[in-house]
Amino acid sequence: KAGVTQTPRYLIKTRGQQVTLSCSPISGHRSVSWYQQTPGQGLQFLFEYFSETQRNKGNFPGRFSGRQFSNSRSEMNVSTLELGDSALYLCASSKTGATEAFFGQGTRLTVV
Amino acid sequence: AQSVTQLDSQVPVFEEAPVELRCNYSSSVSVYLFWYVQYPNQGLQLLLKYLSGSTLVKGINGFEAEFNKSQTSFHLRKPSVHISDTAEYFCAVLGDNTNAGKSTFGDGTTLTVKP
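The listed protein sequences correspond, in order, to chains A and B. Using our numbering, the letters of the first sequence map in sequence onto residues 1 to 112. Using our numbering, the letters of the second sequence map in sequence onto residues 113 to 227.
Some hints could be false.
[Said to hold, decoys possible] Label pairs and their in silico Cβ distance ranges:
1) Gly62/A - Ser182/B: 40 to 46 Å
2) Leu83/A - Phe126/B: 25 to 31 Å
3) Glu176/B - Thr99/A: 15 to 21 Å
4) Asn59/A - Gln183/B: 28 to 34 Å
5) Glu82/A - Pro191/B: 45 to 51 Å
6) Pro61/A - Arg189/B: 37 to 43 Å
7) Pro191/B - Glu52/A: 44 to 50 Å
8) Lys95/A - Asn153/B: 24 to 30 Å
9) Glu52/A - Leu163/B: 23 to 29 Å
[Stated by the list, open to error] Some but not every residue of chain A turned toward chain B, in silico, with C-beta under 7 Å:
10) Glu48
11) Ser51
12) Glu100
13) Phe103
14) Gly104
15) Gln105
16) Gly106
In case anyone wonders, no lab produced these hints; they're calculated from the structure. This one's a predicted model, so the numbers in the text were calculated from it and none came from an experiment. In this text, a Cβ means the ideal position worked out from N, Cα and C, and glycines have one as well.
Throw the hints in and build the complete structure from the sequences for me.
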């Protein structure tokens, strides 16, 4: 069974640009969550989607947004990138959001 | 609201010695508890989980953890560590359905196994 797939693995963007990250969950999983991981702040929850609906949202500015498609694949978008957005972005999928989550390898975003 | 405290940021240990990584949590509702491991430049891998039932749970790679409701703890243990166990370990809590898909993580414990 294929795991959670995140693309791309690495990204370098310039301040002010926007970026879109993609996440394909494990087959049959309908919940997809996104996290930002930085050395200073640790793992912080961005948002969670279930059946194309955002159910929970973390404490991030509106520049961070996401969506989920009917096949449960999810994307997150960050607009007007700032240097502080440099981080490892992790996607996790679970069957319902109320059980264990499985993580992808992450996308390492560097903003210069 | 829920929170997780990992009591040790770094744990150095010699190969074949036992290890315990400590985790305390706080929550106003029943929770599910997890331990994850992260190797450099990788995602998180699930080591073990407590959802219900027996308070002693066994995971992959010889790890186990004990859920203690009265002490709100979920400590991770391994009787004999290997060099390959060197990694960062995260304790996480998942609350009720109002927080579906929203795990709260501790700050992590770096386990360093020395030869």
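Going down the list of hints, with the structure as the test:
The supplied range of 40 to 46 Å is met by glycine 62/A and serine 182/B, whose beta-carbon atoms lie about 42 Å from each other. Under the hint 25 to 31 Å, the C-beta atoms of leucine 83/A and phenylalanine 126/B, about 40 Å apart, miss the expected range. Range check, glutamate 176/B to threonine 99/A: Cβ separation about 20 Å, and the 15 to 21 Å hint holds. Restraint check, asparagine 59/A to glutamine 183/B: a C-beta distance of roughly 29 Å satisfies the suggested window 28 to 34 Å.
Take glutamate 82/A and proline 191/B: their Cβ atoms lie about 46 Å apart, and the range 45 to 51 Å holds. Our hint of 37 to 43 Å for proline 61/A and arginine 189/B holds, since their Cβ atoms are close to 40 Å apart. At about 46 Å, the beta-carbon gap between proline 191/B and glutamate 52/A stays in the expected band of 44 to 50 Å. For the pair lysine 95/A and asparagine 153/B, the supplied restraint of 24 to 30 Å holds, since their beta-carbon distance comes to about 28 Å.
Taken as a hint, the range 23 to 29 Å holds for the pair glutamate 52/A and leucine 163/B, whose Cβ atoms sit roughly 26 Å apart. Because the closest C-beta pair between glutamate 48/A and chain B is about 3 Å apart, less than 7 Å, the hint holds. Taking 7 Å as the C-beta contact cut-off toward chain B, the hint placing serine 51/A at the interface is violated, the least distance being around 11 Å. For glutamate 100/A, the suggested interface contact is upheld, since its CB lies about 5 Å from the closest CB of chain B, less than 7 Å.
With 7 Å as the threshold, the beta carbon of phenylalanine 103/A comes within range of chain B, its nearest partner Cβ sitting at about 4 Å, so the hint holds. Here the hint on glycine 104/A is kept, as its CB sits about 5 Å from the closest CB of chain B, short of 7 Å. A distance limit of 7 Å between C-beta atoms decides the matter here; for glutamine 105/A the minimum to chain B is near 5 Å, and the interface restraint holds. Interface hint status for glycine 106/A: upheld, as the beta-carbon distance to the closest one in chain B is roughly 5 Å, under 7 Å.
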